[in-house]
Amino acid sequence: MPGNVIKLRFTLNEKQVLLQCHPGTRLLDILRHDFGLKGTREGCGQGECGACLVLMNGLSVNSCLFPAFALADSEIITIEGILSLKSFTDIRKSITDTQAYRCGFCSSGMQVALAALLLTNREPNAGQIRRALSGNLCACGSYNGVVEAVLQSSSRKRRYGRR
Amino acid sequence: MQTFIQDIGPKRALRGIVYRSPFRKGKITRLRVPALPKGYSCVQARDIPGKSILSYAGYSLPILSKSEVRYLGEPLILFCGPDPGVLAEICASVELKLKEESPVEYMDLSGPYREGQIINVAHGDVDLAFSLADQIVEGEYRTARREHFYPDTQGAVAYWDGKNLSLYAATQDPFGLRSAICHCLDLAPRKVRVVAVPVGNSMEGKLLSSFLVAAQASLLAYTAAKPVVLIYNREEDLLFSPKSPEFFIRQQTALDREGGVMAVRVQIFMDGGCYPPKDCEALRQAVHSAWGAYRVPNMEVIGRTQVTDFPPIGSFRASGRAQAIFATELHSSRLEEIAQLGPYKWKKENLVKTGRKEGQNKGHGLMALAVLEEATRISDFTRKYSAYSAVKKRRKTIDRAAYPLRGIGISLAGQDAEGILECLHSIEETRNTCTLKLVLERGKRVRIFTSFVNCGMGIHALFIHRVATLLDLDPSRISVQPVDTQEVPDTGPTTLARAVTVGLPLLEQCCQNLQKKRKTATAPIEVRRSVSLDKLRAPLRGKDKSRYDSAQSAWAATVVEVELDPVSFQSICRGVWLVVEAGTITHRKAALQILEGETLRALGSSQLQEYQGTISAGRKLCSNIDLIPGAEQVPEIQVHLLETQEGPMKGYEQLPHLSVPPAYATAVCQATGLYVDQVPITAEVIQQCLEM
Amino acid sequence: MKEVRVFRPKSLGGTLRLYTRNPDSLLYAGGTEIIRRVQRGSGRVFALPQKVIYLGNVQELNRISRSQRHLDIGSALDLSRILKLGRNVLPPVLFEPLSEIATPAVRNLATLGGNICARSCRGDSLPALSVIDAQVELRTAGSTRWTAVGSFLNRRGRPRLRPGEILTRIRVPLEDWDFALFRKVGGRQRLGRSTLSFAGVARFPKGSIEVLHFCLGGLKTPVLRVPGLESRLKNASVPVSTKLIDSLLADLDAALGNEVEDSPEGRYRKATALRLLRWFMEKVNSRSLEML
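Chains as they are written, first to last, in my numbering: chain A, 153 to 315; chain B, -14 to 677; chain C, 6 to 297.
Bound conformation, chain A alone (with noise of 0.2 Å):
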């Protein structure tokens, strides 16, 4: 195989997927340019803003800083297999408050977090939820709307604990 192109295999919102494409492509290109999936946006391309999070195996990374030949093999979910998948349904509820979100730029972003955070903790508080959105930027300041929509679906209502 030339060395300019690898054959990659991995599962896309839990579908077996392959792809052929330059080693230092970014994950982030992949998805929106090789299969059409815009909900992953980039803000920064430096790991900063967190709007191209992805969930890979079960962890959110940002695909802006994720080359293509560390993908094979991998588990990659993005904000549009969260929105419809059945395994999301559940975590689905507590993050999809759209009136919690203002542009809507971040939000895909900030869901991915979420769901990170919510597949390791249904119930988390106001400072865990915080902590999660750490890596995420938002330049409307939406923060606030966010974490009470994702405590309003849990039985924690203090919106500004810490961690």
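Mixed in with the good hints, there may be bad ones.
Label pairs and their calculated CB-CB ranges [stated by the list, open to error]:
#1 C:K89 - A:Q168: 26 to 36 Å
#2 B:E80 - C:N263: 38 to 48 Å
#3 B:E472 - C:R124: 51 to 61 Å
#4 C:R161 - B:D469: 35 to 45 Å
#5 B:R385 - C:R161: 49 to 59 Å
#6 B:P174 - A:S306: 30 to 40 Å
#7 A:L171 - C:P54: 20 to 30 Å
#8 C:N27 - B:I(-7): 37 to 47 Å
#9 B:A372 - C:D251: 42 to 52 Å
#10 C:R42 - B:P174: 41 to 51 Å
These are computed hints drawn from the structure, not numbers from a lab. We put the beta carbon where it would ideally sit given N, CA and C, even for glycine.
Given the structure of chain A, go ahead and fit chains B and C onto it with the hints provided.
Below, chains B and C alone, put in the same frame as chain A:
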């Protein structure tokens, strides 16, 4: 999920790229484009068929510079083609030679000034008052240049079929953009269609830059005769997008023996950048809002833009007004000390007249007082202020303190209606009318036709909610037509304040008309209402035509409590209390959400680093995006809406940007015992003040 | 597009042999720092070198082993998995800086080995690892050596690696300290530009200091220990006198002379470094009084 400009564009479209000057300033002596491979095109300034200068709301900017470079990153050439990698190589092969000049980085306040625009306002006899003064208090206040982070980078997608241009653009003013493109390509308006794509987080200098990128995409599509996608990458957008300019404001106040204000002289210096606006709304806002909340018998305000070689400035939320109010509130905090009154008492005593008798219009003074009293009450300001003052008096030095340093500050600000109408108004005479349309379709569905776009302000949701209430319909039956200049009327550029002061009344009138027509006509029924901006402005002017009647203003009082670590001097906010009076708020939850979000942004701009700037070609440019607080840095924010149930809803989204920075700064001053006369206030700034 | 060849070894032995044959390869584990340097903008591939050795599948580099006296952490293990050990296993002075590195998503990829070697990460794990006398294992196909973290980097912050060497493990001593502290100033979470970090540990049985280490990170010298100052505190009785603390600060002030740039940020960092040491000593004193 929202669709943004980065999400659209056909796969077969060409990609665009902007070749930018790597030099800071100079006269171009040679600009040579390499031979282009097949399928690649280029556009230079001489290729622009129409006007090569973009003009909008007082700002002017060349689309592509021809003979000189005024700032690092100035666009010089456009390229398009199928492969971004090849485009990057083409850019790297461009030959540019410049006769370099030394840029003037900062304003020189010693004079003579490199002046752009000057605005004066005055009333009373300032010279006489100063001659009779018992003491004169002077201060100089600086609002630093600011970077603005928004995650959605600027971009546009353009299609040219030989006769007509279709443009997808993330812009708040699709009709303004259409007009600009028509001038640029020398086309009639009917040949240009603009489809507005949702904008992420509005008013961050994006207005003119959205026009610029759209013009660039249009030129490429026009030249290549193929669809073109031009999206700035993250670094490019951060480095070369418009920045907030620096303001220096000198204040001189003449006081009588009791510390009462006799007269005020204000000199406002605004950095106009390398393309200073000819008719600068920000400067006008600054001049007209200086001391606007207070009673000043004699006043003189002179505002100047200065020409420097700072990159182009842009329109930002509350620009000009925020800086002037910051200087006023900081300066008044000194006067409070001299008069030996606490901030609340001083403000109450010096507030503009508290209005007329009961039963008549309450007047702006009462509204301002109401928000001030409420903010003082809910934050327990008076008690905390006294307690922290006592601690401050006992403390010897802040860097050996054994416990965190605490302070609390309060400020007052008004957002006036006329300013919103002036702001963003195109300089073209023909755009004086705003129109909105409503269509009742079969099946009791209603569609709203407006040029106001989705930009994170909940405007569409506000309109839907209002129509649902007035027509007694389920909101799910109401929709907003996608904003396409061929389908919607021109309601003007989008801001929340305009939506509230112009759009909502038009919508309400449309609903009334629809109700009437429904009785006799069958669906589909179309109603349309228009208003002239001149007519709207007239009642907003005060008796002194040079100043706005602040009775129409929305008001906010903000209290900020801070705690500074004596080791690092880094501050955390213990609480923010924002009390707002903005008429009858119809969509309360959204208003609270917006005010909270804007408060957080305003806090970020008060605490975080100033723009580092494109100092020289050799130095690494700053593209640091640690510019907005994260989820763990959000303090307790309480927003109270004082609903007067009188009068229409007023625009309010600027209020946090006007009132939070001075409240934060005065809190830091109390906590540290230092006079910190600038914002943003970082730990480094406090260290500098300590060493002085 | 440049040809890039990616090797994906599964064992340490294989990795070392591969690296010996291809010494110009880029060693890639989490890659969160590397990848930012080779970004090329949207839609374009990372500008990787011609050869990359991906360490993500090398078992020996991705595990933790533990004895009574130390923890051995694989250099390619991501920070999230290290942090799962918890504050009771990982020394608190190390847990703090690791838990504050970057963001949760970055910590799912970033590695301790990368954090030690990357020039932009000076204020994170290094000061803490230095004060607890952590060591790094450096291996080639034919040799193994251990060296203290503090001396692993040269004055310019570059790792002192011999040809063919890979950082394979980080050995963290599990010692009891009477007092341990880490503090970071500035950076993302603290809304500040000038970053600086401080780590300090102390043991003071029977009212006098047996050991006291402190380290500053984020200065020109990536890991600044001042052994002369530390040794002056040995056997000093606790609480430490104000006179001694003032004397230490004066000496540190002199030692910091060339460590900061002459700018508002540099002056701030120097003044803060001095305040950090004073603060640490006051905390030691408080703790010693509690223990009496």
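- [ ] Go through the numbered hints given earlier and state which of them the structure violates, listing their numbers in rising order.
- [x] As far as the earlier hints go, 4, 5, 6, 9 are violated by this structure, in ascending order.
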